[in-house]
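Peer 1: Assemble chain D onto chain B, guided by the hints.
Respectively, the protein sequence lines represent chains B and D.
In this text, residue positions in the first sequence follow the numbering used here: the first is 258, and each later residue adds one.
In this text, residue positions in the second sequence follow the numbering used here: the first is 319, and each later residue adds one.
Restraint-style ranges between C-beta atoms, simulated for each label pair:
hint: 1; chain 1: D; residue 1: D642; chain 2: B; residue 2: S552; range: 17 to 27 Å
hint: 2; chain 1: B; residue 1: S532; chain 2: D; residue 2: R534; range: 52 to 62 Å
hint: 3; chain 1: D; residue 1: R666; chain 2: B; residue 2: S532; range: 29 to 39 Å
hint: 4; chain 1: B; residue 1: E602; chain 2: D; residue 2: D614; range: 15 to 25 Å
hint: 5; chain 1: B; residue 1: Q491; chain 2: D; residue 2: E328; range: 44 to 54 Å
hint: 6; chain 1: D; residue 1: Y671; chain 2: B; residue 2: W581; range: 31 to 41 Å
hint: 7; chain 1: B; residue 1: Q604; chain 2: D; residue 2: P489; range: 52 to 62 Å
hint: 8; chain 1: D; residue 1: G518; chain 2: B; residue 2: W581; range: 37 to 47 Å
hint: 9; chain 1: D; residue 1: R492; chain 2: B; residue 2: Q491; range: 24 to 34 Å
hint: 10; chain 1: B; residue 1: Q491; chain 2: D; residue 2: P489; range: 25 to 35 Å
hint: 11; chain 1: B; residue 1: A597; chain 2: D; residue 2: A451; range: 49 to 59 Å
hint: 12; chain 1: B; residue 1: Q491; chain 2: D; residue 2: D529; range: 43 to 53 Å
Hints listed in this document are in silico derivations from the structure and should not be mistaken for laboratory results.
Note that the Cβ used here is the ideal one computed from N, Cα and C, for glycine as well.
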Amino acid sequence: MNNSGIDSGFRFDEDELEVLELARACTERHFPVDRFDRPGAPLVNWQGLVDSGLLAPWDDKPSWDSAMLFSGIAHEFGAGLGAQVYVANSMVASLVHSDPSLRDHTAMAAEINRRPLFVAYTGSDRMLRSFLGDARPSMFSGATSGAVGLLVEDAEVTVVVPSDYDDDWSSANEWPATAVQIADIPVGRTVARCPHELHAVVTEEMSAIALLGRASGLAGAGGSLLRRTVGHVQERELFGKVLGSFQAVKHRIAAADIRLTAARAAIGAACRTRSARSARIAWRLAASAAVDAVSTATQLHGGLGVSWEMPIHWYAKSIHQEAWSPLSATDAVVRLADLAEAVKEAQR
Amino acid sequence: MTRADPFVTEISSRLADLFGARTFFDADFDERLDADRALAAAGLLGYHWPTEYGGAGGTVQQTAALEALLAAIGLPTALSPSRFGVNLLGPALITHGSDEQKSTFLPRILAVQDIWCQGFSEPDAGSDLAAVATTATVQSDGQLVVRGSKTWTTQAHRADMCFALVRTGDPALRHRSLSMVFLPLHATGVQIQPIRQNTGRTEFNTIFFDDVLVPRTHLLGELGQGWNVAHTMLDHERSYGQSARYGYYIRELAQAFAELAEVELDEAQSIEHRLALAESADQLFAIQALSDLVLDASEGGEELGTLPSAVKYWWSTSHQHLLDTRMQIAFRGHSDATRRGEQWLASRAETIYAGASEIQLNIVAERKWGLPR
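Same shape as in the complex, but just chain B (with noise of 0.2 Å):
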């Protein structure tokens, strides 16, 4: 990994680079593209997604290019996995933007984005209460992914990389809760220090990238299972015509794309605002319609919707366990605060 590129003035430094390199490389050993549907496909072009200049998530216009990348990301390999580079890169483009010091900031992030940077877990709900701040994360689910994760801990944000990471439990019968003691993860790396009277700013950007890039990847999944749905009932014949031309099938398939059609929608419209509530909207609707989703594939694979053969209980897993756990965007009072604000909006 060289250094050049934008000259902006910022370089990484050798220990910010050796990071850089063990994060590639965990990378790349654990996602492959084969995780969730894809047996025998090529590992995951890191570079050439760099290279592509959409994953700017952090420019002045955060795009529905940028959100759109993320969420084909995840549909092409496997649940979440956009999310999780989209709210790595963007927690650190929102430190670089806070950081009055960086005055070329969008140059700057330009810089990092040119490298296969590092993947932040935050498939849990534990990470997430992190990011908001309510808790010191003392732990991560390193279990579906976790090559590289982000922490954040007093407005500091730390890469850290587990050395001993445990990628098994897709072969076992486990939902993904499996923790990794932050204490147990030996490589640490300040990257980026947030400057204390921006920290509340911060913290509220971040969680609202952190919640769009969960959104981003719950739509991602969910379009994933719709497309091996579709392929299935274009495929398997039933009563001497194919599945795929009973209406009841069409349907049920169309308004499961219809509902993550306008959670993508959402999606793009919370990346231009970034306000907490939008992105709480955009993961409300982006969980409703993955779950939709799996309920539609499961059901439309007939018995082999139930089986471990299929790859739709993993998919079950993970998009469940994001959007049924406990999560402030589902809170109640939340909601009724949001309904409270989208009121005020109308009267304005």
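Peer 2: Frame of chain B, contents of chain D only:
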């Protein structure tokens, strides 16, 4: 476009000059017609039309912003008597019409001198539009003789003219033998029969055409090209998104929220309704987001694909959900339950007209996902 955008500021000011603080949420047809004509006189109707035809040459974004501002004072395009002429026929005339047709019809449409309606659906051709059976036969003198009927025709009982899809060739050719014609509704042989709706009101009609003579100059586009003309109309309409709906519906949500405060409920009941409204608020957010997607894609000249079908399905089902909750609140004892009931009943049509939900689902399943017809 934000409130601070200079365009929005300017248009808001012009609307304030025109209507003051007046709103039109409970306006009837005649009041809306007057408002349309006032907008026309102020140059705010047909804003998207090219300047050479009397429009303002507004962009998609500007036109959508104008529509949202109008919706905010109770004048959504969806209820405007001018909409069939200005938003559907006008753009198609500009694309497919002859010079004579443009000079004859466009100024009258833009000034709302003629009220138009849309004659697509028939008793046996609603969702299956290519099954249209009303015929137009070309006589030796070039005139067309129209025979058949159209139904579910909004505002036909108040309209002067109807643009209609008619069969001008072999029915087996389906959409390839359809043509678009202008039918004068005051002509001999035209009979209009209003249909009373579930609300008790009459907005739809059935029109019977009994050998109605139509001049050849009333044919828009070539014979057999009616399907293409119809698509121009629908594509144009679809490109404007639904941002005006968001403005209208979010106001309804705020009203429902206020109504909830007026009825006596125990805490559990109140929370139940509030959470239902919260779900609606999320759904309305997605209407706005989807609308922005459509606008961005239209502005960028991108193909919209099946997105408009998703948008139609989403806004119609979301709005019904909102009005379901509002009706439930009314049943809890709100004094205006009759009015709410009428709105609730009227909203039942939203998942039926302009392409029923089932048609939208078929479009998404078949065209986006490639599932067999």
